[in-house]
Amino acid sequence: MTGWLPFEWIAASRFLREGRLQTVAILLGIGIGVGVIVFMSAALAGQQANIVRRVLSAQAHIVLIPAREIARPLRGGQPGVAEAAIIQKPLQRVRSIDQWQKIIQEVDALPEVTAVSPMASGAAIAQRGEANRSVTLQGVDAERYFRIVPLPEKIVSGQPRLGAEDIIVGVDLATDLGVRVGDKMRVAVGTGQGATLTVSGIVDLGTKGANQRLTYVALHTAQALLGLIGGVSSIDLTVNDIYAAEDIAQRIQALTGVEADSWIRTNAQLYLAINAQVIANTTIRFFVGLAIAFGIAAVLIVSVVQKSKEIGILRAMGGSRGQILRVFLLQGAVLGLLGSLVGSALGGLAIVLWGVLVKNPDGTPLFPLDLDPKLFLAAALLATLSGLIAAFVPALRGARLDPVVAIRG
Amino acid sequence: MAEPVIKLEGVCKSYGVGTPVETEVLHGVDLALERGEFCALMGPSGSGKSTLLNIIGLLDRPTSGQLSIAGRVTGGLDDKALTQLRGHTIGFVFQYHHLIPAFTALENVMMPILLERGRPDAAMRQRADELLASVGLTQWRDNLALNMSGGQQQRVAVARALAMKPALLLADEPTGNLDTHSAQGVFDLMRQVNRTQGTAILIVTHNHALAEQCSRIVQIVDGRITTDRRL
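Residue numbers (numbering that gives the first Met the number 0), protein chains in the order written: chain A, 0 to 408; chain B, 0 to 230.
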């Protein structure tokens, strides 16, 4: 008898092999279902990662800014007197985050935070000859900032260098002003402060808005221009789990007292769209999984009826209810596991085909779907488990068969 | 004197208890079978033979009355204990041989021991080999049960019934489906087991020629024992 396996294994495998056509048909059914689930999961993850990567590659996951200035009327209301106070909203000056060095240390110590970078930013006018454009001046510490936004990867010409006299500009701004790497341009802020800087690099940030507006200079250059000596206007963070960014932001806010905005809040529409996609996708996957489970259950119900005589004999020969139960549970689990192997192969094939067939106009894949081994492991585990659960009712029916009726029938 | 292998006292069986169609098929059966007896149970169709056999085989429970198997009163036992007692003391041979088609002849013979011990071992394989040899089917040991003739299948079934060295062998028309020659062969096999091992055998049969070769004939009509004759 096949090896020294327990009775339940031997009987389950023999029964499955005996009903060959049934077994093959249900395995194909499970396989197609699991294949769809595998492919959809990979597609979802790939697409999501693609969108998020495009969006987040040019921005921090969390931005810390000083708490907003709020006007508080100092007049206390006298009892019984209603005051119709007109409160003028305060101007939001460019201000520094109070004790920002200490905050950076605190935030850096959090395990979820992967990079921290201070920034001094404000509005400015970029001028060259007759042309001028309003820009956002961002003063950063190059070494720290490049870990948040990888500017070196986005350079189209020049160097990602930020010396005291250097400025990096977006491609559209460079076109508008007619500057090339090495050219000089003047940057002035509203107070009249200004400096002449040399273009060290030109970057493509992915969107036209950013390419027209964003400029990068050294932190102390911006501090001097914006009148923020020794101060920073915001702190950029990246975190290890981008979907936890909002939670982390709230914790940082509670910890430091400064305002923390996560990308989830600043890109609420995008986040909602991604979420809707996840829900739709999960729903489909759930119902495909359910269809698989019912398929397994249907096959096993038929199998119990077909095998009722054998079940009766086994019981008459001293087989226990538990043994019968396990024989059919095992069949369910084995069908689930084998089906998931077929499904993983089909899903994997679909993913590979996607990479080969569905391409951008430039020949690169539309978005990459990665063959994550964890996905296949999860599919196998889930399918086995649902096979086991699906087998439960038929197995119980088999175990409860009255041997007398079963043998006579 | 040793305990009888089977002892029935006032065993009644009704079907459809509590419904308007309640019918009693056994009316107070008393019967005892000693070790080494070879007893034929005869009676017309619907007389309650199979019901009696199922009750003795612990596949069914009596509505009232007492049944002892190998000295053990079975009334208070739960399903698990009954299954165990059945596995250890009773071997079955059914009319339609009832081998399990997905298994080979050898595996079918091993099955009762396998169910008892949980996983196969060399000892049970050897025991099954010996049993298969004793019914003259060694060369068929690796054939699937379905690929054998009716007589061969029934001999495998007898070998299987003996796997646990039961004290009692119950056979429900074991030859009813076979030609005369095969029927005599299977019967001879059972008689040989009865003589050499002292196994008590209760065999339901319609075949008078075979019944006359037994040591005792019990007649049952309408759920009552009418004659009990030792030969």
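These are calculated hints, taken from the structure and not from any lab test.
A virtual CB, placed ideally from N, CA and C, is assigned to each residue, including glycine.
Warning: the hint list may mix true and false statements.
Claimed, not checked - With the C-beta cut set under 7 angstroms, the calculated list includes, among others, these residues of chain A facing chain B:
no., residue
1, R13
2, E17
3, G18
4, E309
5, I312
6, M316
7, G317
8, A349
9, W353
10, G354
11, F391
12, V403
13, A405
What the hints assert, rightly or not - Below are the DSSO-like pairs computed for lysine-lysine, each with C-alpha atoms no more than 27 angstroms apart in a straight line:
no., chain 1, residue 1, chain 2, residue 2
14, A, K373, A, K358
15, B, K6, B, K164
16, A, K308, B, K164
17, B, K164, A, K88
18, B, K79, B, K164
To be verified - Footprint (simulated), chain A over chain B, 3 or more residues, beta carbon under 8 angstroms:
no., region
19, 28–36
20, 199–212
21, 224–230
Outcome of the hint check:
1. R13: This interface hint holds because 4 angstroms falls under the 7 angstroms limit.
2. E17: holds, 4 angstroms
3. G18: violated, 9 angstroms
4. E309: Status holds, d = 5 angstroms.
5. I312: With Cβ-Cβ at 5 angstroms, under 7 angstroms, it holds.
6. M316: This hint holds: A:M316 lies near chain B, its Cβ roughly 4 angstroms from the closest one there, short of 7 angstroms.
7. G317: holds, 2 angstroms
8. A349: violated, 35 angstroms
9. W353: violated, 42 angstroms
10. G354: With Cβ-Cβ at 44 angstroms, over 7 angstroms, it is violated.
11. F391: Interface hint status for A:F391: violated (19 angstroms vs cutoff 7 angstroms).
12. V403: Hint holds; A:V403 Cβ to chain B Cβ min 5 angstroms, cut 7 angstroms.
13. A405: violated, 9 angstroms
14. A:K373 to A:K358: OK: A:K373 and A:K358 at ~26 angstroms, within 27 angstroms.
15. B:K6 to B:K164: Given that 27 angstroms is the threshold and the Cα spacing comes to 20 angstroms, the pair holds.
16. A:K308 to B:K164: This hinted pair holds, its Cα atoms lying about 24 angstroms apart.
17. B:K164 to A:K88: violated, 99 angstroms
18. B:K79 to B:K164: holds, 20 angstroms
19. 28–36: violated (count 0)
20. 199–212: violated (count 0)
21. 224–230: violated (count 0)
Going down the numbered hints, you'll see the structure goes against 3, 8, 9, 10, 11, 13, 17, 19, 20 and 21, while the others check out.
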